[in-house]
Every structure is written in structure tokens, then in C-alpha cells.
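Novice: Sequence:
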Amino acid sequence: MNLRLIGLTAFSLFVLTFCSAQEGRDAAPPESVFQAGPGLLMVDKPHKGGDTRILPIPAIYFQKDRFMLFGPQARWVLYYDNDLMVSALGKLRYEGYDDNEDRYLRGMSDRRMTLEAGLSLAREFQWGRLAFDWTSDVLNEHKGHEIRLTASRRFADVLGVDKLAVTPTVGGNWRSRQLNTYYYGVRPKEAVAGRPAYNAGDTVGLLTSLRVDYPLAERWNMFSLVSVEWLRSEITDSPIVDQHHKLSLLIGAMYNF
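For the sequence shown, the residue numbers in the numbering used here are 100 to 356.
Be careful, since some hints might not be right.
Pair ranges (Cβ atoms, derived) [to be verified]:
#: 1; residue 1: L183; residue 2: Q342; range: 32 to 40 Å
#: 2; residue 1: G148; residue 2: T307; range: 20 to 28 Å
#: 3; residue 1: G293; residue 2: L258; range: 18 to 26 Å
#: 4; residue 1: D180; residue 2: G293; range: 18 to 26 Å
#: 5; residue 1: Y193; residue 2: A255; range: 27 to 35 Å
#: 6; residue 1: P267; residue 2: N239; range: 30 to 38 Å
#: 7; residue 1: P287; residue 2: H344; range: 22 to 30 Å
No more than 27 Å apart at the CA atoms, straight line, and that leaves these computed lysine-lysine pairs for DSSO-like [to be verified]:
#: 8; residue 1: K288; residue 2: K242
#: 9; residue 1: K190; residue 2: K242
#: 10; residue 1: K190; residue 2: K288
#: 11; residue 1: K242; residue 2: K147
#: 12; residue 1: K163; residue 2: K262
#: 13; residue 1: K190; residue 2: K163
By construction, these hints were calculated from the structure, which means they are not laboratory data. Backbone N, C-alpha and C define an ideal beta-carbon position, used for all residues, glycine too.
Construct all of the structure, not just a fragment, from the sequences and the given hints.
Specialist: So, in C-alpha cells, the structure goes:
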């Protein structure tokens, strides 16, 4: 645990040092926003026998100058101009499971959630937004990496409804062998009849999501975000997987303080 804390501290100091060196045009425009309220998260994992989980969670959005936090993801802006933003990125990965979640997983070691950190580059175009994200496990759980390339566009006043905004996103991702094997592999000591040992390879998959935002009142805003990740055969061939996708749905309402 001490080594993990040292690693996180070193990474934080690197980010802070780099940001402190940026001045003028490299600074994001000063802004302060705090929104919070109730939320509901639905997660449908691809693991065999897994049930859809529905969890009440707090919905939080916070922005203060360079720092932005929304749900399990945080950003620190390193460079900003009118079209390009470069950020340090941190996020929680909650792709794991406990061995008591289902009989198919009984006897498996728990796969824990972890903290990932990396870099994000986003560029604004007339047609929308293009983003490149790279993250790596900093708590040494899955020891892997992920790269995401996504394109999105925000549509305002959809269907003639004032202030109704819809943002569709499409893209792809590369997941490393270590990441896939940790969450979807079977270690030799975990193998039993009907569940042979399995090591997953790295994969290139597809991503889609749709976000909807609508103001309920002067200070209340309602939002929903549905996300789907389509999995490749290197994952779906695992004896503990029986779906070709991961699905999550987040619904919430936030008050603007």
C-alpha cells in the first residue's frame, strides 16, 4: 500500500509541476461550477450468470479553473486554447467482480476496481469533437493500459424542444492483454471442470454512447448517459463470459449551487 501511495504522490507532483510551468495561453479560462444531486447507475456486466446491478449513487459535477470532476472521472487541464485541450486524466475502473456474485465465478479470486491515470487530448472541429485518451493502472491491479479514440457532437433544441441537448458519441478502443486477462481470464489455479484456464489477448473494440441533458428548473438539470462497449472474441471466448457487450446507464438530477 505504501508503494501505491508513493506512486500516486509522484504522479500528482509531476502533474502539478508541469501545470505550474504553463502560463498565459496555456491556462484554461477561469470558471467555477458545482452541481450535485441523486443518481441511479445500472451496470450490465458480460460475465456469465451476472445479474444487472442497479445502484443509487450521488451525481456530482465540479469545475474549478483547471480541475474538472464528473462521476468517476477527473481531469486537470495542462494546455488550453480555443480548439485544443490537453489534460491529465484520472478515472476509476469498476469492471471487477466478487467470486460470490454467481456460481460460475465461485472459486475465482476477486477482481478489484482500480485507479487509472493518463493523458487526454481533445480537439474541437466544426462538425464536433474528437478525443484521444490513454490510461494506465496506477494501483497495480490489472497492470494494463487502454487507448480510446472517440468522436462526438452536441445537438441543441432537439425535436424543437427548448434547451433539450443530445450528445451521441462513437469510437473505438484498444485494451491491453494484461487488462483483458485480469478481468476476463481464468488463472490455472482457478480452473475447474467447465472452466478451463484462459488468457485473453489484447483487443480493438467499438464504443457508443448517448447523453441527454434537460433543465428541469432554473437550478435543476436532469441528465442520462447510456454507454455500450462491444467486446471482441479474445474476451468473449473466455469461459466466464457470455455477452458480447458491456452496458451502463446513468440517470440523475443535479442542483446548480
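Novice: Mind checking the hinted window 32 to 40 Å against the Cβ distance between L183 and Q342?
Specialist: 37 Å Cβ-Cβ, so the 32 to 40 Å window holds.
Novice: For a C-alpha distance cap of 27 Å, please report whether K242 and K147 respect it.
Specialist: This hinted pair holds, its Cα atoms lying about 24 Å apart.
Novice: Between the beta carbons of G148 and T307, is the distance compatible with 20 to 28 Å?
Specialist: holds, 25 Å
Novice: Just tell me: holds or violated, for the beta carbon distance of G293 and L258 against 18 to 26 Å?
Specialist: violated, 50 Å
Novice: So does D180 sit 18 to 26 Å from G293, Cβ to Cβ?
Specialist: violated, 56 Å
Novice: Starting from the range 22 to 30 Å, see whether the pair P287 and H344 falls in it by beta-carbon distance.
Specialist: holds, 28 Å
Novice: Checking one constraint from the list: CA of K190 to CA of K163, max 27 Å. Satisfied?
Specialist: holds, 18 Å
Novice: Hint check: K163 vs K262, CA-CA at most 27 Å. Holds or violated?
Specialist: Holds - the C-alpha atoms of K262 and K163 are around 24 Å apart, at most 27 Å.
Novice: Return holds or violated for the Cβ distance of P267 and N239 against the range 30 to 38 Å.
Specialist: holds, 35 Å
Novice: Run the distance test for K288 versus K242: straight-line Cα separation, threshold 27 Å.
Specialist: holds, 20 Å
Novice: When you take the CB atoms of Y193 and A255, is the distance between them in 27 to 35 Å?
Specialist: Once the Cβ atoms are compared, 32 Å apart, the range 27 to 35 Å for A255 and Y193 holds.
Novice: Can the restraint linking K190 and K288 be considered satisfied, given a maximum Cα separation of 27 Å?
Specialist: With Cα atoms ~31 Å apart, K190 and K288 exceed 27 Å; violated.
In the structure shown, a violation is registered for the earlier hints numbered 3, 4 and 10, in ascending order.
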